[in-house]
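Novice: Heads up: the sequence lines are chains A and B, in that order.
Using the numbering used here, count along the first sequence one by one with no gaps and you end on 337.
Using the numbering used here, count along the second sequence one by one with no gaps and you end on 1271.
FYI, nobody ran anything at the bench for these hints, they're computed from the structure.
Here the structure is a predicted model, which is why all the values come from computation and not from measurement.
Heads up, a few of these hints could be off.
Unchecked claim - The calculated label-pair distances, taken between Cβ atoms and stated as ranges, are: (1) Asp1237/B / Gly69/A: 43 to 51 Å; (2) Arg336/A / Glu1260/B: 20 to 28 Å; (3) Asn245/A / Gly1059/B: 46 to 54 Å; (4) Gly50/A / His1170/B: 31 to 39 Å.
Think of the CB as a built atom: it goes at the ideal place given N, C-alpha and C, for glycine as much as any other residue.
The primary structure of each chain is shown beneath.
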Amino acid sequence: MSRNTSYMIDTIFIEKSARNFPLAKEVLKRFSSAQHIECSHYGEVFNRHGQNFRVQKNHPSLILAVKEGEFVLPAPVEYHVGGRHNYYFSHMLNCPYDCRYCFLQGMYSSAHYVLFVNYEDFKNDIANITKINSKDPSWFFSGYDCDSLAFDPVSNFVNHFVPFIAENSNARMELRTKSTQIRALNKIDVTSNVICAFSFTGELANRSLEHRVPENSKRISAMAKLQYRGWPVAVRFDPMMYYQNWRQDFSQLCLNLFKKINPAYLHSVSIGAFRMPVNYFRKVRSLYPTESLFVAGLHQKNGNYEYGLNIENELLGEAQAIVGQFVEQDRIYTMRD
Amino acid sequence: MLLHFVVALHCEAAPIIEFYKLKSIHNTLPQVYRNESVCLVVTGIGGLACASAVGYLAGLLKSDKCGVWINIGIAGHQQFSRGTVCLVRKVTELATGKAIYPSLPFSTRIPRADCFYVDRAEVQFNENGLYEMESFAFFKAAWRFCTIDYVHSIKVVSDNRLETAGQITHSIISSLVGSQLEMVDRNLVVPLCCIVENLRSETSQFDIELYTDKWHFSETNRLRLSRILRQFAALSDNQLPNIEDYKHCNKATEFLNDVESNLQCREIRLI
């Protein structure tokens, strides 16, 4: 499988109610030669029992759906980069990459992509929340159940959401990505309240655990281009994996990264050790029974599988120290439960 | 058993039996044919017969979750010409409006079409899709025994508004199905079986007798043993725990806990 993101989608399921949304029409036009199959609700395809996430990951279909219920949700307490009001939203479920440590493999029964086409409903919710929290900025994290940018040529997410956030001075949005997909950002005006956060692992982990993810060097270049244009950029070292020579690998990553990225203009760095809810972990482990990542050093604690305290302290402490050689400590956030 | 064919009629089954060189299993009703890795059941017409035959076959052969199940049969269509082959992409039960959606884990050259499941032979073909009498029940039943992504239905058009079902004979049906088999094998059966076999090779069972001879393992602990041995092998260049290193363990759970602790202390190597 190539490391470049591929949009070779040959099957699109469309909720009846999604058909008339402009975004759905755009996507269907773009993939006019794909199979278009109408369904009543995306759950008929996405939420069924007995699907194999691993098998589907090789050839996911796209599902166009209308999101119902709550559009924007409060973020977990530890999930912040200095803001007081933190929320996340998912305009999409799943992503084109295949990272072995990803919790989405355990969270969903299907690897198909779900794209919610009713962007206006998300925007209304964002606008309402920012009004309610009018005294402080509200943070909206967009790359929780997907990669914010990897699918952008199809989802057109940047063009829909970045100008909207830019108009709303009390809103902050984080685009979190492992991609090099910055074309849309390069074409629009820079806005200070949208942060482009790139997540990285060391070279070894990138090569062996992050399948289909572009190489670190290419992503660093993409990030540098954005920083050069004036976009606020951030770095996410989350999850950090524990493996032989992780320290050297991580140090080298930081050297490569901060050769191209000016730490003085970096919005933030966050560091978190690998952890996954027990149910998700068990499911992922059964999908990849010979994956050594799910064996060594992990313990069940607080409803999660995570590294023991010694390893976690070593990972977070040392990573913080290494990053601290480049970035001021007050911009480094560690994610601890 | 790797591959299960489910067909309604003997005349649909005949070319498949010949293609895969299957032999009849005596004294079974419904009739079952098999070789080492492929089996076929002749279900009779209709959803109920189909669903019960799927259950029968799964029970008879103790099929595991990793089997491929394929329904092959004839269908009617408004305009598709006789002999057109289609992979079903959606089945709607016309009586209830309920629909189900097969999941195909690769691209295929076989044309795909919607299908309508009816309980009696159709002559009007009002909707634009295939009409037939088994697939909805087939999917519902087969999904109980294996992964959704491995269950598919192939339909060969036998009749349409111009060429009615009344004109069709058993030998025409056999020839319609037979003429598509090589293509179906190449574009559906082989890719599906490759996926399943690749995954099966990762979950192949280790010889656990060495351990079960020494300690008594409950069923739950046997499953845990298989998992732990697989993990141990993954971290130890395919070596298994040396029983001599664990002779101090009096019970199976002590052994399992010890091996698991041993694994947790390892550092993984990424290449």
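Novice: Looking back at the numbered hints, which does the structure fail to meet, lowest number first?
Specialist: Violated hints: none; all satisfied.
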